[in-house]
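J.: Listed below are the residues making up each chain.
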Amino acid sequence: MVTAAIWPMLDYSRVPYRLYHDAEIYAREQQRIFQGPTWSFLGLDAEIPLPGDFRATWVGDTPVVVNRDATGAVHAFVNRCAHRGALVRRELSGNAKEHICIYHQWCYGLDGGLSAIPFRRGIRGQGGLDAGFDMRAHGLRRLRVDAVCGAVFGTLAADAEPLEDYLGPPIMAQLRRLFDRPVRVLGYNRQRIRANWKLYAENTRDNYHASLLHEFLVTFGLDRSTQVGGVRMDGRHRHNITWAEANSDTAEFAREAYAGARVRNDYLSLKEPAMVAFHPEHGDKLNLAVTSVFPSSVFVQISNSLAIRQIRPRGVDEFEVFQTMIGYDDDSPEMTLHRLRQANLVGPAGFVSMEDGEALEIAHRASRPEPDRATIIELGGGGAISDRDYRVNDVPLRGFWSYYAELLGIEPAGAVR
Amino acid sequence: MSLDRAAVYDLFAEYGGLLDETRYDAWLALFAAECRYNVVSRENHERGLPAALIFCDSRAMLEDRIMALREANKYNIHTDRHLIGLPRLIPGDGEGLAVEVPFAVYQTDQEGETRLFAAGLYRDRLISAGGGLKIRDKLVLLDTFAIPTLLATPL
Numbered sequence: 010m011v012t013a014a015i016w017p018m019l020d021y022s023r024v025p026y027r028l029y030h031d032a033e034i035y036a037r038e039q040q041r042i043f044q045g046p047t048w049s050f051l052g053l054d055a056e057i058p059l060p061g062d063f064r065a066t067w068v069g070d071t072p073v074v075v076n077r078d079a080t081g082a083v084h085a086f087v088n089r090c091a092h093r094g095a096l097v098r099r100e101l102s103g104n105a106k107e108h109i110c111i112y113h114q115w116c117y118g119l120d121g122g123l124s125a126i127p128f129r130r131g132i133r134g135q136g137g138l139d140a141g142f143d144m145r146a147h148g149l150r151r152l153r154v155d156a157v158c159g160a161v162f163g164t165l166a167a168d169a170e171p172l173e174d175y176l177g178p179p180i181m182a183q184l185r186r187l188f189d190r191p192v193r194v195l196g197y198n199r200q201r202i203r204a205n206w207k208l209y210a211e212n213t214r215d216n217y218h219a220s221l222l223h224e225f226l227v228t229f230g231l232d233r234s235t236q237v238g239g240v241r242m243d244g245r246h247r248h249n250i251t252w253a254e255a256n257s258d259t260a261e262f263a264r265e266a267y268a269g270a271r272v273r274n275d276y277l278s279l280k281e282p283a284m285v286a287f288h289p290e291h292g293d294k295l296n297l298a299v300t301s302v303f304p305s306s307v308f309v310q311i312s313n314s315l316a317i318r319q320i321r322p323r324g325v326d327e328f329e330v331f332q333t334m335i336g337y338d339d340d341s342p343e344m345t346l347h348r349l350r351q352a353n354l355v356g357p358a359g360f361v362s363m364e365d366g367e368a369l370e371i372a373h374r375a376s377r378p379e380p381d382r383a384t385i386i387e388l389g390g391g392g393a394i395s396d397r398d399y400r401v402n403d404v405p406l407r408g409f410w411s412y413y414a415e416l417l418g419i420e421p422a423g424a425v426r
Numbered sequence: 007m008s009l010d011r012a013a014v015y016d017l018f019a020e021y022g023g024l025l026d027e028t029r030y031d032a033w034l035a036l037f038a039a040e041c042r043y044n045v046v047s048r049e050n051h052e053r054g055l056p057a058a059l060i061f062c063d064s065r066a067m068l069e070d071r072i073m074a075l076r077e078a079n080k081y082n083i084h085t086d087r088h089l090i091g092l093p094r095l096i097p098g099d100g101e102g103l104a105v106e107v108p109f110a111v112y113q114t115d116q117e118g119e120t121r122l123f124a125a126g127l128y129r130d131r132l133i134s135a136g137g138g139l140k141i142r143d144k145l146v147l148l149d150t151f152a153i154p155t156l157l158a159t160p161l
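Protein chains in written order, with our numbering: chain A, 10 to 426; chain B, 7 to 161.
No wet-lab data here; the hints were simulated from the structure.
In silico DSS-like links for lysine-lysine, alpha-carbon gap of 27 Å or less:
| no. | chain 1 | residue 1 | chain 2 | residue 2 |
| --- | --- | --- | --- | --- |
| 1 | A | K294 | A | K280 |
| 2 | A | K280 | B | K80 |
| 3 | A | K280 | B | K140 |
Computed from a predicted model, the values in this text were never measured in an experiment.
With the sequences and hints as input, model every part of the structure.
T.: And the structure:
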């Protein structure tokens with residue numbers, strides 16, 4: 010049983026490898042984090058525009074269906090029949106008037122309520138359910154649902170704080186910025202990584218790795234740690250925005266800074282440089298805004314490439330990154346083409362993201378044999394967890410672990426928050 | 007365009023062989039001067055969604071892919087083995103010759119463990135150029151769209 014004694018340091022600057030590899034911890038995460046008082050991104054209003062539209066998704070290990078009812082209201086429920094526990098909706102998306110389990114054809118309405126049971130009264134008075142069976146008590150387990158500008162979130166916990174409070178002002182501002190116009194889904198991609206899901210949650214908060222692991226950024230002079238940028242968190246430090254401003258450094262300053270790193274800066278040119286061009290579209294200079302929402306939702310702007318990522322755990326040793334690529338309804342055909350080209354930057358084959366799959370797998374593989382040793386999280390210094398207006402830091406990882414420890418009930422006395 | 011099955015078979019045999027030998031410049035030479043190369047998940051294709059995993063709508067973008075693979079990107083150390091099935095010639099009146107070819111790619115790591123990395127279908131349009139067949143358009147329609155680890159070396 011893991012306890013608060015597991016932490017070597019009260020500022021979460023050391024994280025024992027056990028936390029990435031222990032099946033009992035994984036089970037506790039499912040219960041206390043994913044089924045606990047957190048909110049998860051479920052999908053977009055734009056994906057279920059019509060009454061009856063549904064999509065299947067996940068909250069941690071739990072299969073979930075989100076759909077729109079005849080009145081236009083959005084509901085989400087656990088995709089598991091009250092009768093025998095089978096998946097009710099097997100398709101990933103579609104349109105339906107009701108959801109019927111194939112096993113014994115129990116039937117549920119778009120609000121998740123149990124609406125019909127075959128042979129409920131038996132045949133010729135024989136068999137069937139007792140008269141006292143209460144159909145209203147046996148609907149699909151419902152999630153609480155709320156949305157920010159068309160981004161639908163859900164929680165399995167009745168006692169979760171309201172979504173807006175959970176996200177906090179900086180995250181709300183970023184979501185309002187990203188979803189400032191109606192969006193259009195351009196497509197999905199999926200990546201299966203043989204590593205623990207938390208390595209990815211950390212990775213999206215890790216500013217330090219970006220221009221070192223993803224050398225494409227620096228090789229072609231696209232994004233460098235010398236730019237104006239940093240990290241901004243919510244009050245509880247569980248979420249984070251990694252941000253940077255376009256054209257905010259000079260080539261000369263970058264050459265000097267990278268002289269000591271084993272990364273060759275700005276020495277090649279693309280034959281099709283239009284692919285990486287940045288056209289500002291939110292009335293600010295940000296060309297990088299990666300918004301990580303605890304535990305497993307990430308909203309990503311890399312130049313004009315816009316996406317939402319869900320981290321979907323698949324056991325202690327594997328997760329899927331499910332990415333929804335978006336543009337705006339009012340994009341010109343030229344802008345849509347630009348986004349499709351720029352999508353080359355991200356996803357499992359992305360010029361500036363493919364390496365994450367390899368980096369997390371080798372970290373997971375090599376850390377397993379010695380669970381009592383610990384990773385170092387100390388870029389930007391230890392101690393207090395706070396926003397930084399520079400890029401060489403991994404402070405938001407400590408924020409992630411601080412809230413993680415609280416939810417898992419392993420927060421040590423005197424720990425930073 | 008006259009049907010020269012032997013030339014089509016030769017082209018796809020070269021295609022897989024050159025990739026597995028990591029002879030990417032020779033592989034690029036199988037494409038026409040103006041060409042497209044897109045890798046699209048079946049999930050998006052069936053829903054009519056345009057986003058691709060790899061989207062090269064010019065030869066320059068395809069050459070950038072290979073340059074980045076050599077100079078910048080890092081990926082799992084492995085070898086590829088393409089198993090390319092029989093080309094199915096698709097009748098039609100468009101430019102050149104339309105073909106559909108099923109494929110599988112196995113990846114083997116440094117310690118000799120092989121896994122199925124991808125299965126799918128090539129939908130290509132081939133043209134005559136420079137005395138031989140060249141690939142004008144290639145759509146790699148990916149059945150295995152839950153990409154294992156990452157996609158770096160070309161399919």
